[in-house]
Amino acid sequence: MSAITKGVSLKDLQTIHFEYPVGLSSEIVQFKQKCLESFQKIGVPNPRNEFWKYIDWQDSDEKTFHLPLPTDEADTPKHQFKGHCVLPIKNGYLQSVHGLPGGVSLSKESALPFHTLLHDHNPMVGLCLAAPNDLVSVTVDAHKKVTQPLECLNVSSSQSAAFTCVNVHLQAESELVFVINQSTLSQVLNNSVFNFTVDEKAKLTLYVIQNDSAENTLRFDNIRITVRQEAEVKAVWFSTGGFRTRRDVRVNVVGENANLQLGGLALLNGQSHTHTHTYMDHQIGSSTSTQLFKNIISDQAINEFNGLVFVHQAAQKTDSGQLSNSLLLSDQARALVRPQLKIFADDVKCTHGANVGQLDADQLHYLSTRGLSPEEARSLLLFGFAEEILDYITLDSIKDNLEAQVKGYFQHS
Amino acid sequence: MLSIQNIQASIDDNPILKGINLEVKPGEIHAIMGPNGSGKSTLSKIITGHPDYQVTGGDVLLEGESLLELDPYERALKGLFLAFQYPIEIPGVHNAGFLRMAYNAKRKYQGLEEVDPMEFEDIVKKKLKLVEMDEEFLERSVNHGFSGGEKKRNEILQMLVLDPKVAFLDETDSGLDIDALRIVSKAVNAFRKPTNAVVLVTHYQRLLNYIVPDFVHVVVDGRIVKSGDKNLAFELEEKGYDWLVDTVRG
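Chains A and B, in that order, are what the protein sequence lines are.
According to the numbering used here, the first sequence is numbered sequentially starting from 1.
According to the numbering used here, the second sequence is numbered sequentially starting from 1001.
Rather than coming from a laboratory, the hints here were simulated on the basis of the structure.
Since this is a predicted model, take the numbers as computed values, not measurements.
Possibly wrong hints are sitting among the right ones.
Claimed, not checked - No farther apart than 25 Å at their CA atoms in a straight line, the calculated lysine to aspartate or glutamate pairs in the DMTMM-like style are these:
id, chain 1, residue 1, chain 2, residue 2
1, B, Lys1078, A, Glu376
2, A, Lys399, B, Asp1071
3, A, Lys317, B, Glu1136
4, A, Lys201, A, Asp281
5, B, Lys1078, A, Glu109
6, A, Lys399, B, Glu1139
7, B, Lys1165, A, Asp362
8, A, Lys399, A, Asp72
9, A, Lys407, B, Glu1132
10, A, Lys407, B, Glu1114
11, A, Lys399, B, Asp1134
12, A, Lys407, B, Glu1237
13, A, Lys201, B, Glu1139
14, B, Lys1186, B, Glu1237
15, A, Lys407, B, Glu1113
16, A, Lys407, B, Asp1116
17, A, Lys399, B, Glu1136
18, B, Lys1078, A, Glu375
19, B, Lys1165, A, Glu403
20, B, Lys1108, A, Asp299
21, B, Lys1165, B, Glu1136
22, A, Lys407, B, Asp1071
23, B, Lys1108, A, Asp281
24, B, Lys1108, A, Glu403
25, A, Lys144, A, Glu109
26, A, Lys407, B, Glu1139
27, A, Lys53, A, Asp299
28, A, Lys234, A, Glu200
29, A, Lys399, B, Glu1074
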């Protein structure tokens, strides 16, 4: 199936050549070939590029991966949530789906929904689309309010370089809760593209749950969200671990009176490095967007937040807020923050900021005078810091699970 | 019950307390008064183990056991409580959750079973009534965005919930209007029982109209220079501290 028989490192991807399964439609093959060209023009990300400069690739190049087969066994997911309709995607290939809710359709027969991504600024998007994996498309019919959460269970095999491409289209006035559940236990390179289009008055709630091996996993997450008039989007990221994680979120606001809320909680320890880049592109006015990313960083872990809110001249009356707060729990933990605004309209309300600090000694003392041990006091303060993001989660199946995980993490960290 | 024996303490190597002796017995209320900078607040801070203060001599015993080697939380579990002069704001930490955690820490220490949120709600609601606080306070972050008076009442609420053996109230009356002062005093009087004791640190005699002390002590320059009954507070109100300061400085 693939031209690769031995393991490749990240930098080897520059010259990668894919072989596509016999029977894949020529439309898809041609699209994938164009995507590969697009990727090769920019090439594998390197620190000479401003948007990739803080990523420490050094140890990443020593890790090698192979292109997996759809039939290879995958790691068991860390989380299993109750009551969701699961779309299992293993090594980039869609597995059988049971009980798809009414009004939701699923297809992998066309590349058309992905065409807008052909010239994406991030080369990993081109690479992901070019790989011989499925291009999975989910459509929610207009006016359909789907009550059962749809969960993309994104898993891959040990030592594999897996590519996952999913397009989700919410037609006008529809509603969907979409969960991306991805975790790895072993050495994996996971590159994914999730492309959402939220039509007029539609409502998307997105939860991205990521638990990766802190020693091994290289993850490139690319999320693209196009938001039309009066659409509502809430997106929440929860992540732990990951050797190197690059999360690239781009939101295109192309309709008036849209409302976006983005939140993230990262608990990083060991040698984990997570790099979150957000690009909030307000092309049309009268929409609101908020971003709150919180990070708790210990050991030698690093978190980068690089956010840009771009307000076009036509986007008058935009209301946008962007904030990144990080707690450093060790001398060697680092937070790199760059909240940025570019505003070309003159009647807007935009705020941006970042706070980096440690646990407050006065708060710890105060709690201890009430009989809480240093560990309990610390755990309570950390949970208080994290809770603001956990409160964004309104889906009980996920919230209970993550709250328990966060409490356990603080008790043992 | 609480025995403060020739305690000396400093901050950044500056001596603040120069040998304070105080015996507090169960059922008693002591008031500690004195001019600004005399060391009143330092006394409450070192007793609860504030890390910025170094004890350079003497001892503090609670029911015969020295507290000085214990961490602040261990002192609290043994029954010591300090109502802060400036209560700390803790954004993000839920007041009800924090109170229950503290309550359960104490129960666990006493070998009792922890209470669940429902049981705790019943307990805390009764205490809320005593400080005339609305239940919505429980849903807010600890002291965050509270007015000065609300913070002080929240301190007293914590005292009522934790039911300590000895409660130090550090200038709990400062910043309170007359109504809030009345509420706080009523709650402190409700807290009193023959098995516990209260030490009030205050500038003003006014508080002592509401919470009547058994003893009044005046601290000047890190030492108790005069002790008496409640009438000493009236004398101070009338004459100020100067006459005592002059006595000390000779």
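I'd like to know which numbered hints this structure contradicts. Please list them from smallest to largest. 2, 3, 5, 8, 9, 11, 12, 13, 19, 20, 21, 23, 29
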